[in-house]
Amino acid sequence: SAVISQKPSRDICQRGTSLTIQCQVDSQVTMMFWYRQQPGQSLTLIATANQGSEATYESGFVIDKFPISRPNLTFSTLTVSNMSPEDSSIYLCSVVTGGGDGELFFGEGSRLTVL
Amino acid sequence: QKEVEQNSGPLSVPEGAIASLNCTYSDRGSQSFFWYRQYSGKSPELIMSIYSNGDKEDGRFTAQLNKASQYVSLLIRDSQPSDSATYLCAVKGLSGGSYIPTFGRGTSLIVHP
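Residue numbers (the working numbering), protein chains in the order written: chain Z, 1 to 115; chain L, 116 to 228.
Simulated from the structure, these hints should not be mistaken for lab results.
Among the hints, erroneous ones may be present.
Calculated cross-link-like contacts (lysine-lysine; reagent style BS3-like; alpha-carbon spacing at most 27 angstroms) [said to hold, decoys possible]:
| no. | chain 1 | residue 1 | chain 2 | residue 2 |
| --- | --- | --- | --- | --- |
| 1 | L | Lys182 | L | Lys171 |
| 2 | L | Lys182 | Z | Lys65 |
| 3 | L | Lys157 | Z | Lys7 |
| 4 | L | Lys117 | L | Lys182 |
| 5 | L | Lys117 | L | Lys171 |
| 6 | L | Lys157 | Z | Lys65 |
| 7 | Z | Lys7 | Z | Lys65 |
| 8 | L | Lys157 | L | Lys117 |
| 9 | L | Lys171 | L | Lys157 |
Away from chain L, derived, C-beta distances all over 12 angstroms, residues of chain Z [to be verified]:
| no. | residue |
| --- | --- |
| 10 | Pro8 |
| 11 | Cys13 |
| 12 | Thr17 |
| 13 | Ser18 |
| 14 | Lys65 |
| 15 | Phe66 |
| 16 | Asn72 |
| 17 | Leu73 |
| 18 | Thr77 |
| 19 | Asn82 |
| 20 | Ser84 |
| 21 | Asp87 |
Quick reminder that beta carbons are idealized off the backbone N, C-alpha and C, glycines included.
Produce the complete structure using the sequences and hints provided.
This is the structure:
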């Protein structure tokens, strides 16, 4: 497994602002993902954070809205840009240890409320 | 589009009973399968992973995989009120050179005393 720290754990933001979420892992991991979980819903994959290159976004998510960085094998950031109330959600960093088909572990999440 | 289907529930069982949670998936190329438990307000916690057909047991939990039927299940024996949570099924297969996990919507389990 891995110890995954996310910051902030929660925040209340104003419409139109941007917020950056940080994800720090205690060991080098092969893959990092960012998920969104809206109230009462399951997990939706936003993107795969690729080390040293642009993230791979899922359908419905774009880089301008959710820019992602991954400068090394233990750290990534997700920015939620120009926020609207519809962006109110829990954002989860997750990592795979071992091989690509290995187990996926989650950080504790960042709960964002946009007013 | 890859899909993972779960009955949303809630599934209600009495304390001490066996809870049976089911999941079906659409992608025949899926290779790894996971069950997560998520308490309200918390992030998902990995319970079991299974990669081969058959049963895998870990304490009170048993995962069952049938790739021919594209079906994976989780049995919880001697259910406890502390098992009350949402259980998420996740499936991974190779897509564009990467293993991308797909999650079901989760089944809510209620274990009543």
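Numbers of the earlier hints that this structure fails to satisfy, in rising order: Violated: hint 2 alone.
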